[in-house]
Every structure is written in C-alpha cells, then in structure tokens.
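**Student:** Sequence:
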Amino acid sequence: MKGQQHMSITIDDNKKDWATQYLVEKLGLVDPTVNAADAARSKPNGAAAPRLAALTGARGVLLDNTKGNAGPLLRHVGDLLETKYGVRPLTMERKIVYSRPADPAQLDELARDYEFVVTGVGACGSCTSGCVRDAVDLEARGIPTVAIHTTVFMNSAIAHRGAFGRPDLQFVPVEHPIAAVSDAELERRAIALVDDVATILIGRKA
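Using my numbering, read the sequence shown as starting at 1 and increasing by one per residue.
Please keep in mind that the hints were generated in silico from the structure rather than gathered at the bench.
Be careful, since some hints might not be right.
[Stated by the list, open to error] Derived pair list, reagent style SDA-like, types lysine to any residue, alpha-carbon separation capped at 20 Å: (1) 205 <-> 193; (2) 84 <-> 196; (3) 205 <-> 51; (4) 205 <-> 180.
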C-alpha cells in the first residue's frame, strides 16, 4: 500500500541462542545450521561404554519408545537374546513420549539396575532423534546400548549421532515400516537382526 512503511522484526541474538540451546539440549533436536563434525568436537559426549565381557547371564532391559509395534518387536528380540545367547530374562520399560528423549531419572534407574539396554524403534524423524539421544546418554552412563531404527531413518540416525557428539555409535537396522505388520513378520525381522544386536553389545561377533 502506498505510503506504508515496511516493518522488519529482528530477534535478539541472546534470545536466539537461548532458544537454540533449549531445543537442542532439552528437547534433543538437531540444529541444522551446525556442521555435525563441528558439533561433535565442541560437545563431546564421551567414549563408548565398555562392551560386555559375555552375554550369558547378563542383565538387560528393553526400552520401548512406544512407537507403533516397537514393544512387540523388542519383545521378540529379547526372547531371542534369552534363548540364543543366554541373557537373563529381560524386562520391558517404556518412555512416556516417543518423540522426546527419555527422562534422565529413568535413564539413571536403567543404568543402576541393568548391564545393557536395547531400545527402539526409530521409525520417524522425532522418534529417531529421541532414540539416538537415549543411546548416547545411556552410553555416557557406562551402559552398552543398542538402538534399532528402520532402514528409511538410518541416515537420520547417523546424522543425529554426529550432532550429539557420538559419531562412533552403532545402530541396528530393521525393515521399514513396522507399525502395520503382523506379529509373525515382527518375529521374522527380529530373527534377522538379533545377531547384530549381540555383536554390538560385546564388541565382536557373538
């Protein structure tokens, strides 16, 4: 309109930095303007947790992120770890919201009570970010952790591990999608991936 002045809105740099810090550190999101390698150097999250000496008799837990069919898939993986590798009977814990990292208090409890964690499933953008963050934080607590992601979101998981300062973190892929498949199909997929889970937990082929 003639005579109307254009008004520009600027955001104070301090407020912008605070908002970015909150989104990244509290909600577990990735800042797309930051190079992943630079982020890993500036905010390292420590080395990998020591691997298990053996799986036989190890105490573990399944951390269900509540994404569709994540729990049943993890249960099949847990059953196979018990029967094939001799781990102790696995319990199941659940996150409240799949799109966010787990509560630190919950991770503290898992690190106190168990020797390893298998978590998943990263099957969308936000739940993949949350799964990677949980694995990073559990490993920082000294607990070997395996996060399972669907094949479609493996690239996202890899990008997140770099942004979270753990480019060495290993994941296990599962066919995508998982939400609308039968229990028999979930079992088949668990059989296909359980050996990779075991290898990551002990750091060598089981």
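**Student:** Could you work out which of the previously given hints the structure breaks and list their numbers from low to high?
**Tutor:** 4
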